[in-house]
Amino acid sequence: MIRVRNLVKSFGDVRAVDDLSFAVGPGEIFGLLGPNGAGKTTTISVLATLLPADAGAAEVCGHDVAADPGAVRRRIGVVPQELALYEELSAEQNLATFGRLYGLEGARLKARCAELLELADLTEHARRPVKGFSGGMKRRLNIMLGLVHAPDILFLDEPTVGIDAQARTRILDLIRGMNARGLTVLYTTHYLEEAEHLCDRIGVIDHGRLAALGDKEELIQQIGEHDVVRVQLPPAAVAPAAAAAAAWPDVSSADLRRGKLEIHCRDGAALLPRLQAELAAAGLGLDQLEVIRPNLESLYLKITGRALRE
Amino acid sequence: MLRVLVTKDIRRWWSDRQAVVVTLLLPLMLTAVLGISFGGFGGGAPEIEAIPLALVGDPPSLLRDPLDRALTESGLFAPVWCDSAEADRLVRTGEARAAVVLPADLQDLLSSERVAIGVWKDPGSVLQADIVEQILRRMLLRVQGGEAVYLAAWPADGFPAAGEPDPFGDLLEGDSLAAIWRRLRDRAPEVAAARAKLEAILDHQAALHDAFATSAVALTVVDRTGQEAKGVGPSTNMFDYILPGMGVFFLMFAAAAAAGDLHRERAGGTLRRLLVAPLGSTDLLVGKWLFAMLNGLLQLAVLFAAGKLLFRMNLGTDLLALPLAAVATSAMLASLFLPLALLTANEKQMGTISTGVTLFMALVGGNFINVDQMPPVLQAAGRFTPNYWANRTFNDIVVHGRGVGEILPRVAVLFGIAAVLLAVAVAIYRRRGGKAGLL
Numbered sequence: 147m148i149r150v151r152n153l154v155k156s157f158g159d160v161r162a163v164d165d166l167s168f169a170v171g172p173g174e175i176f177g178l179l180g181p182n183g184a185g186k187t188t189t190i191s192v193l194a195t196l197l198p199a200d201a202g203a204a205e206v207c208g209h210d211v212a213a214d215p216g217a218v219r220r221r222i223g224v225v226p227q228e229l230a231l232y233e234e235l236s237a238e239q240n241l242a243t244f245g246r247l248y249g250l251e252g253a254r255l256k257a258r259c260a261e262l263l264e265l266a267d268l269t270e271h272a273r274r275p276v277k278g279f280s281g282g283m284k285r286r287l288n289i290m291l292g293l294v295h296a297p298d299i300l301f302l303d304e305p306t307v308g309i310d311a312q313a314r315t316r317i318l319d320l321i322r323g324m325n326a327r328g329l330t331v332l333y334t335t336h337y338l339e340e341a342e343h344l345c346d347r348i349g350v351i352d353h354g355r356l357a358a359l360g361d362k363e364e365l366i367q368q369i370g371e372h373d374v375v376r377v378q379l380p381p382a383a384v385a386p387a388a389a390a391a392a393a394w395p396d397v398s399s400a401d402l403r404r405g406k407l408e409i410h411c412r413d414g415a416a417l418l419p420r421l422q423a424e425l426a427a428a429g430l431g432l433d434q435l436e437v438i439r440p441n442l443e444s445l446y447l448k449i450t451g452r453a454l455r456e
Numbered sequence: 129m130l131r132v133l134v135t136k137d138i139r140r141w142w143s144d145r146q147a148v149v150v151t152l153l154l155p156l157m158l159t160a161v162l163g164i165s166f167g168g169f170g171g172g173a174p175e176i177e178a179i180p181l182a183l184v185g186d187p188p189s190l191l192r193d194p195l196d197r198a199l200t201e202s203g204l205f206a207p208v209w210c211d212s213a214e215a216d217r218l219v220r221t222g223e224a225r226a227a228v229v230l231p232a233d234l235q236d237l238l239s240s241e242r243v244a245i246g247v248w249k250d251p252g253s254v255l256q257a258d259i260v261e262q263i264l265r266r267m268l269l270r271v272q273g274g275e276a277v278y279l280a281a282w283p284a285d286g287f288p289a290a291g292e293p294d295p296f297g298d299l300l301e302g303d304s305l306a307a308i309w310r311r312l313r314d315r316a317p318e319v320a321a322a323r324a325k326l327e328a329i330l331d332h333q334a335a336l337h338d339a340f341a342t343s344a345v346a347l348t349v350v351d352r353t354g355q356e357a358k359g360v361g362p363s364t365n366m367f368d369y370i371l372p373g374m375g376v377f378f379l380m381f382a383a384a385a386a387a388g389d390l391h392r393e394r395a396g397g398t399l400r401r402l403l404v405a406p407l408g409s410t411d412l413l414v415g416k417w418l419f420a421m422l423n424g425l426l427q428l429a430v431l432f433a434a435g436k437l438l439f440r441m442n443l444g445t446d447l448l449a450l451p452l453a454a455v456a457t458s459a460m461l462a463s464l465f466l467p468l469a470l471l472t473a474n475e476k477q478m479g480t481i482s483t484g485v486t487l488f489m490a491l492v493g494g495n496f497i498n499v500d501q502m503p504p505v506l507q508a509a510g511r512f513t514p515n516y517w518a519n520r521t522f523n524d525i526v527v528h529g530r531g532v533g534e535i536l537p538r539v540a541v542l543f544g545i546a547a548v549l550l551a552v553a554v555a556i557y558r559r560r561g562g563k564a565g566l567l
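As given, the protein sequences belong to chains A and B, one line each in that order.
When we follow the working numbering, the leftmost residue of the first sequence carries the number 147, and every step to the right adds one.
When we follow the working numbering, the leftmost residue of the second sequence carries the number 129, and every step to the right adds one.
Be careful, since some hints might not be right.
Unchecked claim - Distance windows between CB atoms, simulated:
1. Ile138/B / Asp267/A: 27 to 33 Å
2. Ala395/B / Asp319/A: 29 to 35 Å
3. Phe488/B / Glu261/A: 51 to 57 Å
4. Arg221/A / Thr135/B: 22 to 28 Å
5. Arg273/A / Gly479/B: 31 to 37 Å
6. Ala547/B / Arg355/A: 45 to 51 Å
7. Glu233/A / Ala551/B: 31 to 37 Å
8. Arg221/A / Leu152/B: 39 to 45 Å
9. Gly323/A / Val548/B: 50 to 56 Å
Quick caveat, the hints were computed from the structure, so don't treat them as lab data.
Bear in mind that the values here come from a model prediction, so they are computed numbers and not experimental data.
Note that the Cβ used here is the ideal one computed from N, Cα and C, for glycine as well.
Chain B with its partners taken away, still in its complex shape (with noise of 0.2 Å):
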């Protein structure tokens, strides 16, 4: 019974082409334009608002204040001093995007020796992170050349002042190399006393050399999952980070439409013929359930496909995963709205309130900014919606590369979703009266 009630809404989907078309493409040509509008291929992200900042070290308030001042009034980061433990604490659960580790004394800073600093970012938010490690490294280089100006701006290299009398005297005169070198070999004390300020020229140009090849400060970048450990780094291309989201979006609008079918089959009056047939008691709403559920398989699959051929998506490592978390997003997604059609009264209210239902939870869920770039706080939120979970999934998968073995507990954190609204759907219809509340 199940297969041809799938089967016929299958036909009925399928008869209308322009309306399939419109389905599949819609989700696409609305990713390539934010893609592109965001950066493209391997772009960068939009910074939305100040990055959670770890700070750790305990350097004195001549340091510490003005750096806390400089980093909170760029508007770029909202920094938090602490201690290592605590940053670490905070890096890993995402309410930090980094760790800055400060050396352990300051001043070391200013000294000769190499002193390192320490980068920990949090994975899952990788475009925040970066940009705090690309802020630091740009920051090194801006002292490393500011060593670089102080060599060569230091008057150590013996060259005469304006006005000086000249050490060398003639000892540089003329074109040929070997001529210069023949003096220079001259052992009288007043050449040997310019040679020696010559070596110390030389010396000077070497030292100088040095400070623009090496950095006085080294930077250690450490992500706290261990990913580096396996060799896949977060993904760099956009639609990786867009693409899913649009797919659980529009996911959502096919899913409400499917479910509202009931209304549109109570309208016409073929919802009173299949009822009359000799079906189980629940056979109407999971098949309406199933056709949901391949439909938005179908719809993801498709979308897949075209981000990997057009946009040049990442589709994870593990090959199974991006089937395993579709199926997972498209049952939970085929049982989201079936309550909703069962309480409404008609299509209309039913496509009122699931567009308004739809907004609300992409907004908060993360379909419109990737959960990794969302505030901590709409991240806590979004946890209460189901399509978080979805959203959360595949940028696992698409964004961090993890395999089966890591998303299992959102999959099933999915599929109880999906087990859930279907149960809460089958208890309504057998309270409102079974196949007589259809009617």
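Isolated chain A, as found in the complex (with noise of 0.2 Å):
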């Protein structure tokens, strides 16, 4: 649905997008993760034929974006980041404004309307200003608006900013739901449980650039991290097991952070039943321990060298 090949924007000396390539498939939701500045939006921009590209190609349903801007526009829907709502209208006037942008007219506007109001639960208050509206509500019409048309593809840009944990949760379930019937999206976004959880593949990007590109697992498995077995012993025991079980076999290191025995190892599943063994045989009692797997958040770590900032 989506083909981006070796694509470049930029803004005077300030290189927005550079060389990034990848392609979404359909019925996918394809995720963007990436800071503030990482060049999301603008890759989004110019997949929706608002920005020309300096260099490369993108594809949209087979329509290549310089070239029929026309056609990507009828089969694409946009979410922007901000709240592109007319706030002086109600729900339904913002839905059927954009519909008759799209040539929907009549019944089948209205049947339209109805349809996108019921599925983002505002049918009760589909002629109220919008103005009045919570953050939740504006963020659930929001999206509304970029499917009034029926798109084959959705371009959500953050569309989870500033709102609370619930409201949150109700938009990532509708998106999902649309998904369901078959939407395609690519969802930008820069926090790391929402592309973990929602998305089928992510593409890390920053500064422009496509740093990794897979589903949650593949991504763990191209920067080769470990787990992590953090266990708590007895302050006097520690040095002399952290010694032992760097000796061990599949542990790459052992060592004493913050007063717990901390060992990176390719499985710590595995290695659980030895340290249980070693220990009893040491006479020492295991008051606490945990296996960390890797994640989103030190593969970023890890590719770009910082955190993810809101």
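Both chains are sitting in their own frames, so use the hints and assemble them into the complex.
Printed below as a string of structure tokens:
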């Protein structure tokens, strides 16, 4: 559905998108994960025909975004990061306005508006001016406006910024529901947990470049990061235990960190029986133990050398 | 598409009822205050500077110099002596508000013959020309009064001075008119002399009455564009002079706000959404222009309707003239600020610049001072402001009662300005990368 090849877009001396390539298949939720200023919005703007690329190529639904922008626009829906709503108008009027711009009229338009209002749980508020809506209601309507003409692909540019956890969950459920009906989604975010739980595949983007690409497991494998087994021991036993563990096979390192023994290994679960046996043989009790799997945060830290910021 | 865009903007505008009321009422309120302050219905106009006045004639310097000095020192007039052809040109071009044509021989004023003074008025500057006419009429009344006083005071009535013998003796004694009449019919020589004296007194009284009744100096007033022939005189209702200017002034603010809505839509994110929709390349700009034009048209319609009902405004004699001028003006003003909206970075910048531009143009283009009353220099400069042409056109219709045929050239100028400014906006839009430039 989306094919991006060696895309480049600069603003003056700043290269916002730098040789970016990826592809999104039909029915997929593809996440572009990166911090603010990574080039996510610029990428969506190029794909949505709003900005011309300086180099490279992009196709959406088989149409080249530069050569046939009209055809692209009819197939896509865009949900901007900001609440792009006419606050003076009602929810229904907002939907009807954008529906008409895409050629919907009469009964078809009315039915579509009703369907989307229902989907967003806004039917009771259909005729109220949007300025009186809560943040969550506005966010849901903001998404519905991108769907009014039943696009094949929806570009969602950080649609959950600035809302509470409950509203965020509701929006993510909404997106999953639409995806279940066959909608392809390109989703940008700087929230790791959103990308992790919502997206089928994730492209990690930083400084306009794609740093990693794949599903969650693939990404973790790509970075070769280890499990961490963290053990709480009596203080006197920690140092000898660390020295002993460092010699075990499949253990890359074992050290003392904040009073706990931390063992870095390929498979933390496989290490546990031996660890328990060794500790029992040494007459040591096990106060506390946890196995930490590598996640996208550690992946992101490894790739970019910095934490994702709000 | 344009219909959808315009409908959307109208709905947004209409949803803020307070703003709608203020937009429509403010021009009316200001017009009412100004109109009443400056004379109200049928009142005169305040004078702001010396009225350019052409004087035709060649009087001896004995008369010419004091007259010239008196006119100049009054502060009311800036007299220019010239021949009749030049005076005609000055009045027709508006460089002189009126011309006063003195008799060929000004000495005739002092003779007993009736003489004529001509006044040529510039109908485009009716208030100032009226002032000239009224002052002349007052002057002539004074001449007339002076003549009467002279006749009354001249000792030709035969009444005896103090200490002189009474020429009538007891001829007029008694209360009975019949007895007096019988004595007057007496043919005795001494009675005949007294009777002749009495007849001379009666003739003198009749001349005195004539002097009050008829003027020795006639004033001929000529409108140089021949409006008198059509029977349509310039308006004397002060609101006719003020309301169109105020309407155009507030419309400029409304047009700036409509164009500035591009910035509001950009800041709110809706512009981005609109740009993704399958619109034509210039639909957004034309949509904003159309909304501003319809909005302006509505404001002018409400303003003139209220002006008619509240202030008894003259809406002209040609039913089509005012609607045509309103459409042309709205189209022109809708285009006026689109280029600025595309060149400015944000709404604040746009608001600051457009307010400055509006106030300057209103000052120079005749929104605060009626174009008729503007000094020639300002009138010349005003021609370079778009609003001047709107003010002129409304003035032609409302103040001078001109019809479609006469206002067509100015309407064409208004449509021309609208087309040029819209083309400039489209050119800027394309030069800045079309949709990408709006983001």
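Consistency of the hints with the structure:
1. Ile138/B / Asp267/A: 27 to 33 Å: Because 30 Å falls inside the window, the suggested range holds.
2. Ala395/B / Asp319/A: 29 to 35 Å: Between Ala395/B and Asp319/A, where Cβ atoms are some 30 Å apart, the hint holds.
3. Phe488/B / Glu261/A: 51 to 57 Å: 53 Å, holds
4. Arg221/A / Thr135/B: 22 to 28 Å: About 26 Å separates the Cβ atoms of Arg221/A and Thr135/B, which means 22 to 28 Å holds.
5. Arg273/A / Gly479/B: 31 to 37 Å: This hint holds: roughly 32 Å between Cβ atoms.
6. Ala547/B / Arg355/A: 45 to 51 Å: 48 Å, holds
7. Glu233/A / Ala551/B: 31 to 37 Å: Roughly 33 Å apart at Cβ, these two residues keep to the hinted range, so it holds.
8. Arg221/A / Leu152/B: 39 to 45 Å: Since Arg221/A and Leu152/B have Cβ atoms about 44 Å apart, the given range 39 to 45 Å holds.
9. Gly323/A / Val548/B: 50 to 56 Å: Distance hint for Gly323/A, Val548/B holds at roughly 53 Å.
Every hint from the earlier list agrees with this structure, and none is contradicted.
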